[in-house]
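S.K.: Spelled out from the first residue to the last, the chains are:
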Amino acid sequence: MEILVVENIVKGFGGVTAVQDLSFAVSKGEIYSIIGPNGAGKSTVFNCINGLYRPDSGTISFGGRDITGLNPDKIATAGISRTFQNLELFSRMTTLQNLLLGRHVSTTYSIWQMLTFNFRNSKAAKQEILQREKAEDVIEFLELEPYRDRPVFSLPYGVQKLVELGRALAMEPDILLLDEPAAGLNHEERQDMIFWIQDIRNELGITIVVIEHNMQLVKDISDRVLAINFGQKLVEGSVEDVLRDQSVIRAYLGEPAL
Amino acid sequence: MRLKRVYFEDIRLFKTTASLVWTLLFLLLLFLVPFIFKTYYLSVVNLMCLNVIVALGLNILVGNTGQISLGHAGFVAIGAYTAAILLQAGVPFVFTLIIAGLVSCLVGAFLGLPSLRLEGPYLAIVTLGFGLAVMVIIGRMEMFGGRMGLMIPRIDLNWSGLSYDRTLYYVFIIITILMTILAHNIIHSKIGRAFQAIRDSDIAASVTGINLVHYKTLSFAVSAFFAGIGGALWALYLQFVTPGTFSLMMSVLFLATVVLGGLGSVTGSVLGGIVMTLLNLQLEKVVTVPLFGDLIVFLSDTIMNPSGIANIRWVLTGLILILIILYEPHGLNGIWLRIKRYWNLWPF
Ligand SMILES: Nc1ncnc2c1ncn2[C@@H]1O[C@H](COP(=O)(O)OP(=O)(O)OP(=O)(O)O)[C@@H](O)[C@H]1O
Ligand SMILES: [Mg+2]
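Chains as they are written, first to last, in this note's numbering: chain W, 1 to 258; chain H, 1 to 348.
No lab work stands behind these hints, which were simulated from the structure alone.
Since the model is a prediction, treat every value here as computed from it, not as a measurement.
Watch out, some of these pointers could steer you wrong.
Unchecked claim - Partner residues aside, some chain W positions facing chain H, computed with beta carbon under 8 Å: (1) 16; (2) 93; (3) 118.
The beta carbon of each residue, even a glycine, is placed where N, CA and C say it ideally should be.
Let the hints inform the model, and build the full structure from the sequences given.
M.R.: Below, the structure written as structure tokens:
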């Protein structure tokens, strides 16, 4: 079943057309990778999907519902969460607070109920405790215990990447968009990241779309791969087929594709 | 393995028995103040209360949400004038207070709208203009007494059986405590977390489902609510209001209070409000300090204009701010935390 359908989206910035008439569809439960050389338009696709950019034309539908042009917070609420190529964390807040922000939408108490926050049996306190438990589950899942109460700017880069992943997971999304999850990680951290991504799909059943330059990671995790260049689709298919494709090799010429 | 913890421990008002005991002792002290000190000191504490309340609200906007307001005196003015008019009309104090807060809150929500599009210096200019405009408009309107201002009748405090001054003191203290708890709850709830998220990264905030329009407006509204309450108390404290009171200088001093106290911290707002009030009352006396005072008078006579000595308060306030920003970015709250840590380790 197709959960995310992108149809003929176009996005330009002044003279540059970053995405040109691109279409693809992601099935529920798969790990779908998007590859392409620098500047191919991969991140722009994510930004269009989660509402940070409004596509010039084309439609994006999620779970059968048209989400084109909605605000990012509406799209997040609908069940799409993401990470960023260059980390977007709440850097002065602690790991725990970052994860609790992942629970923001699910934390349901009003500003009036907040007034009774200090009483153990109030709706607000119960909600806070419930959401805290959910956040702790994510901390446990990603083994973030040692960093729980530290402001995230003080954490090593690899851990910050995990916190961002954790925040996206805490949202309990139906689909997770990961923009270069392994960028800047060393070999060992990258192996761990592969493990987490597989775990997220296998144990939590979350559909994953991942943009990645590291071909080993792409090979290890992908069910299907989409290669793009200059904002256009080159090929789509299994890992082996895509990485063997002449147009992909040509696009990467100068960069080792393997 | 996770050690099962009671998470309520982390959100309750008093996290340790020690903090509960200290707070109770502090409250007892506040209760006893009228029995120990002269009436003059009660009015000093009242002034502290006003500043603390406005600082609490401004800190939510500036320290937690990362927005700026150079026009907070405008909200204080709106609260004060609303209170003045309602009290003159004989509306009971409790309602007056709440309405003053809500009127200011509403205006705050409107002023919040430009903050959706503007950032940093641009927002500073808009809020600056707002503060000045409020002052000018009030000064021009007959209904508000023009430049002469309005007298505020004393409220009925006979029910207490205590003197007016003492009762007023308790009223101020109780309202300040309630507002402090409110600020604490806001900051530690999902709402405060959303504010801080916007401060740290509005992109990340929006992709985690935070409605930026909603929360930025809310932050301005909440902040203005505190200023409106502060303004109503101000009217009661001064017993008359003139537009000149709510000048740009007042807005700047509120910002200074928040920075001095510590951005984003409730304790910081409280400490900042208390210390800034004292500084304002005491700094003029600096000219009476031997040697240093003479030096200042001399400098003032030679490089400033002869009447410049009256501005020495502002000069010293500015100096203190610069030192705080350079050496203690977390303000008085930072110093406070370090003292606490020291005592926790004491005597080892
Ligand atoms: N906000 C923007 N304003 C102007 N141009 C942009 C903007 N965002 C992206 N672009 C341009 O769009 C093109 C595609 O950028 P995009 O970030 O999507 O590439 P990418 O495939 O993610 O590359 P990389 O692998 O380096 O991350 C680039 O030419 C880039 O300069
Ligand atoms: Mg990119």
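S.K.: Any CB of chain H closer than 8 Å to the CB of residue 16 of chain W?
M.R.: Because about 21 Å separates residue 16 of chain W from the closest Cβ in chain H, which is outside the 8 Å limit, the hint is violated.
S.K.: Against chain H, run the beta carbon of residue 93 of chain W and see if the smallest gap drops under 8 Å.
M.R.: holds (6 Å)
S.K.: Would you check whether residue 118 of chain W satisfies its interface hint, that is, whether its CB is within less than 8 Å of any CB in chain H?
M.R.: Nearest chain H Cβ about 5 Å off; hint holds.
The earlier numbered hint that this structure contradicts is number 1, and it is the only one.
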